[in-house]
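Given the structure of chain A, go ahead and fit chains B, C and D onto it with the hints provided.
Protein chains: 4
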Amino acid sequence: MPRIGLVGFGYWGPNLARNLSEIHGVILAGIADTHPARREAAAKKYPGVQLVADASDLIGLSDLDAVVVATPVSTHFEVALAALKAGKDVLVEKPLAAGQVEAKTLVDVAEREGRILMVNHTYVYSGAVRKIAELIEAGELGEIYYYDSIRINLGLFQSDVSVVWDLAAHDVSLIQFLLHRRFLTVQATGACHFGTPLENVAHITLGLEGGIQAHINVSWIAPMKTRQTIIVGDRKMLLYDDLEPDEKIKVYDQGVVFKPDRRADLLPDYRIGDMYAPRVDRREALANVCAHFVDCIQTRSRPLTGGPEGLEVVSVLEAAQRSLRDGGRQVTV
Amino acid sequence: MPRIGLVGFGYWGPNLARNLSEIHGVILAGIADTHPARREAAAKKYPGVQLVADASDLIGLSDLDAVVVATPVSTHFEVALAALKAGKDVLVEKPLAAGQVEAKTLVDVAEREGRILMVNHTYVYSGAVRKIAELIEAGELGEIYYYDSIRINLGLFQSDVSVVWDLAAHDVSLIQFLLHRRFLTVQATGACHFGTPLENVAHITLGLEGGIQAHINVSWIAPMKTRQTIIVGDRKMLLYDDLEPDEKIKVYDQGVVFKPDRRADLLPDYRIGDMYAPRVDRREALANVCAHFVDCIQTRSRPLTGGPEGLEVVSVLEAAQRSLRDGGRQVTV
Amino acid sequence: MPRIGLVGFGYWGPNLARNLSEIHGVILAGIADTHPARREAAAKKYPGVQLVADASDLIGLSDLDAVVVATPVSTHFEVALAALKAGKDVLVEKPLAAGQVEAKTLVDVAEREGRILMVNHTYVYSGAVRKIAELIEAGELGEIYYYDSIRINLGLFQSDVSVVWDLAAHDVSLIQFLLHRRFLTVQATGACHFGTPLENVAHITLGLEGGIQAHINVSWIAPMKTRQTIIVGDRKMLLYDDLEPDEKIKVYDQGVVFKPDRRADLLPDYRIGDMYAPRVDRREALANVCAHFVDCIQTRSRPLTGGPEGLEVVSVLEAAQRSLRDGGRQVTV
Amino acid sequence: MPRIGLVGFGYWGPNLARNLSEIHGVILAGIADTHPARREAAAKKYPGVQLVADASDLIGLSDLDAVVVATPVSTHFEVALAALKAGKDVLVEKPLAAGQVEAKTLVDVAEREGRILMVNHTYVYSGAVRKIAELIEAGELGEIYYYDSIRINLGLFQSDVSVVWDLAAHDVSLIQFLLHRRFLTVQATGACHFGTPLENVAHITLGLEGGIQAHINVSWIAPMKTRQTIIVGDRKMLLYDDLEPDEKIKVYDQGVVFKPDRRADLLPDYRIGDMYAPRVDRREALANVCAHFVDCIQTRSRPLTGGPEGLEVVSVLEAAQRSLRDGGRQVTV
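Residue numbers (numbering that gives the first Met the number 0), protein chains in the order written: chain A, 0 to 332; chain B, 0 to 332; chain C, 0 to 332; chain D, 0 to 332.
Only chain A is shown next, with the shape it has when bound in the complex (with noise of 0.2 Å):
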């Protein structure tokens, strides 16, 4: 019976408290936030919780098993390091650090000491991104070829990092998760508008192992939310469209098929046939996340989306900042 206390209660850790508590056998032991506006909505929702200002306070509770980090990126490192320290089992918010060198610390840390750490990249734990990865698994798209993804809208500005921090960490964690190959480079263009220091758009290639090339555009100034990743195999192409309430995933069979003699001539041979959407299951990610962190917990097995996962996204995210800085130069991950 895990007790697990959560650190932050701002934008997202209402939602992670609400799974939490939402789990059988689970017990929210405890909240922490420094202002005291959200203690006391906290306290008004879950009444036999105890709230803390202090992050040290919570983790400091001996008979506390796991710590939730849901902090502003900045303060992830620090937190999630004290708890690791003190023994406590680590599920951190994306991206799990600020940086690589924070995130190598940490799973380092909780490598030494023997805790679960754990990165919530929410999106592979979605009905269907898991649906994606069985039919590439399966190879219904055959050889992969391209990734193309747009995660696009107006806001939220974060004050702490940019949108490649916020938003491409998770194309980037969904890249690994479906395409099981190693990042070698990144470049990455973007702008900074209205005033901000921190990039709101951003145009990211990524060249991975194999060949392949992944593209991924973010931006907070869109007049209109976008979600919509292409998958392009030499059998047929994916469309996951995450804003369609019922058909989030499209499979075309349709391609290009050259044939070897073939003269320069104006029509080309494409094979166009059905398309099927497959039915997705529509278990709240967030709920899958906060079942594996308590399976991980309670099981010591290596989650899914763990330290070296983290920080490998942490890697591709600080060189495609890196590329953005240096103005779009290739940046090798």
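Derived from the structure by calculation, the hints contain no laboratory data. Heads up, none of these hints are tricks.
Only pairs whose alpha carbons sit at most 30 Å apart, straight line, appear in this in silico DSS-like list of lysine-lysine:
#  : chain 1 : residue 1 : chain 2 : residue 2
1  : B       : K103      : B       : K84
2  : A       : K130      : B       : K224
3  : B       : K224      : C       : K224
4  : D       : K43       : B       : K43
5  : C       : K130      : C       : K224
6  : B       : K130      : D       : K224
7  : A       : K43       : C       : K44
8  : C       : K84       : C       : K103
9  : A       : K130      : A       : K224
10 : A       : K224      : B       : K130
11 : A       : K224      : B       : K224
12 : A       : K44       : C       : K43
13 : B       : K44       : D       : K43
14 : A       : K224      : C       : K130
15 : D       : K224      : A       : K224
16 : B       : K130      : B       : K224
17 : C       : K224      : D       : K130
18 : D       : K44       : B       : K43
19 : D       : K224      : C       : K130
20 : B       : K44       : D       : K44
21 : D       : K224      : B       : K224
22 : A       : K224      : C       : K224
23 : C       : K43       : A       : K43
24 : A       : K130      : C       : K224
25 : B       : K224      : D       : K130
26 : B       : K130      : C       : K130
27 : C       : K44       : A       : K44
28 : D       : K224      : C       : K224
29 : A       : K130      : D       : K130
Relative to the frame of chain A, chains B, C and D by itself:
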């Protein structure tokens, strides 16, 4: 009563023939195409029109006033040059030529010979783009910050040019027409797939005068067709979706407002207001193109998309192609 | 500081509980449900709230000010009547009762006892419908000619009422709220499928005062979910799509203009102008419902959707059901 | 080598002329239209074709094999009758005639004279409808339960027929072609607006043999264009959206399953499975119509949509119009 000849009756030529033949007072005098089957198709459709295999036979006709060039890109230069030298006014399909040097030559010859040289940057003549230009000029969007365009679908693979020369040509001419800024730098990443030697997907970042950044995403290997352009100004944001039958342009009265002494917090200061979709003239863009060409012939005036505009677009495309081949290095236009 | 009890913690009750518990100054004092599993779920969520199996045990509590009824339609009458007679103010889920006679009794008893009787016609309290009402009242659409609504999807099959009582209840209350016209006649066709005794699809034509016609299409057996309402005025036309995340309301500046002496010809005289989508308040409608009920309790004022409004809706539904069973014969309300 | 004449070069005639002229081995021999401007337009487009003002001058041509009638509905009978009596095969635009008696006469005369009489129920010849027919015949949907169609947009107001004769004609012919059931009863409600004497909106409920119910919603006064048909079977459900460029048909593997001894409860037993969109032949339906007519002429075979089919559609429309004028009373076909 201008007499016009058409070179090329393949994929696009028939559309030009149809539009030219429908202009009151214009005589579609001849059509040249090397393929017998196409000449036959043209003969059935336009019984009174002279048909020749060789472009030079058409260009040589002394009673011809103008020539429209709808051949593969690699032959634009040769055909257009011959026509200009024969004293004809010339309308060339986009892009003007396959390289900057050739395009420059065409501009110079047209200038020297006192001939009209026009490039068919079709979208510039569409009702939607005209309306966007009006809105920008009226200050509706405020100062323009950002331009981002997605122009993807399955096919048509071209056999002589990459997707950059084929599809990105549209966006470069739109940016030219709408933003009135000089192009400074280009960076492009992309890839070839399905064993072809020409890039079928590309991401291009353009640096414009005044610090504006534009991005173009073009692809021949997407499972679905998308034609979406976002234009972000400091007052309003615009979405142009050319596939929408009725609401091609949406203007969003929204943006980001930062209060001067704002404390870092999670609630951003956004302005979300009404959206409106102005009525767009539905006349076929190509009809406007042909009418404008005829008008330039008759009034001896400079086309809206003349040689210099065509040359600039070719320069940008050439720079993009160079960046693409050079691993995404920043190239000066 | 009103103390409110909730009867029914099945499909919809938990949403009412959540919204009531979030209103400052309101005490969710008790919840009644005959199912032990639901009481257990309620106890986990609301630790301090009294839980009983029998509604009468809740209604009998002397310190309770009001009762919210979220039980199956067939029991609305009995529970609401008991609560009114016990001196409680009452909010009943739509429809007010399963028949006109019962609804009338509730209205009379509430009147006699001086109690608030409110029906949860939820959509009336949504930001979108409020905005539509504003537009109509401001004369934006001109004189209203026509109302047509589609409310279809797969499920939920109700076990005690037909799709008319379930889904059409929403539209009848919207027509009532938006058009302010008396209902005169009803005609309904429909069918039962999959071996059920209750109609799962129906088409209802309503004749309103002033010659306005309204049509409602409801179904539980459609492959996709649709929530679209068209309102046609002699000045403008409106489309209300409740499933659109951002642009729920679109106002089209278009119509038909007949020139007096128009000769029969092929060019119709339409006016096609701009479209705009006004910003809609996104607050959850149910939060507004609960707040309005509490406000009525405290100020002793008549609810916007009180007993008389609920009674009229029930009368129309009953007439529709009668027409349905009678082969679509026109029935007077 | 059939020689075909066309009567009527207004809104739809030009499309017929274009398709006829593109069929190999067919000669578009003459066009009749009473409007000089239209004859002029036809002459420009089809230089070799004989042009006359009076239909009878065309029909009288002895070397003409067939006549296509694209005049206003009210004149179909007169023109088609004259053509049949002159020994020509005849293709008439839908609906076959303005009334059942006239339609019956045409069927009888064609029979007696041994002439081909075909009605242009265009959609029957579209790739999408052909595919739907295939799916139904293969038992993909199971037993058909329900058909519901929405065919609405702004305009074109017809000056001689109501929206029932104009738009509902399409759906009646589709139901005829797809479901192969006799029409038994019709009920229709609707209204005239904008001061016109003809109904511009109508809702029609059709009772078919075997207890199937179909519904048709047609309107000329909707703010947006919709062309959606739902077909519900006991195995699967189908959505046909003719405005979708690529995915016109979606087949949903979903339905309702009632367990035999199910207790009344809130969790329904639905089956929600995959969806697929079969590839649809994109050939223009009108090209298929013209090809089928020419084939019938040459092989002397019965058209798929011949006189009897046209007569049945007219009978249903006439019954619908009668019901409409009679307050929605059920009318037997």
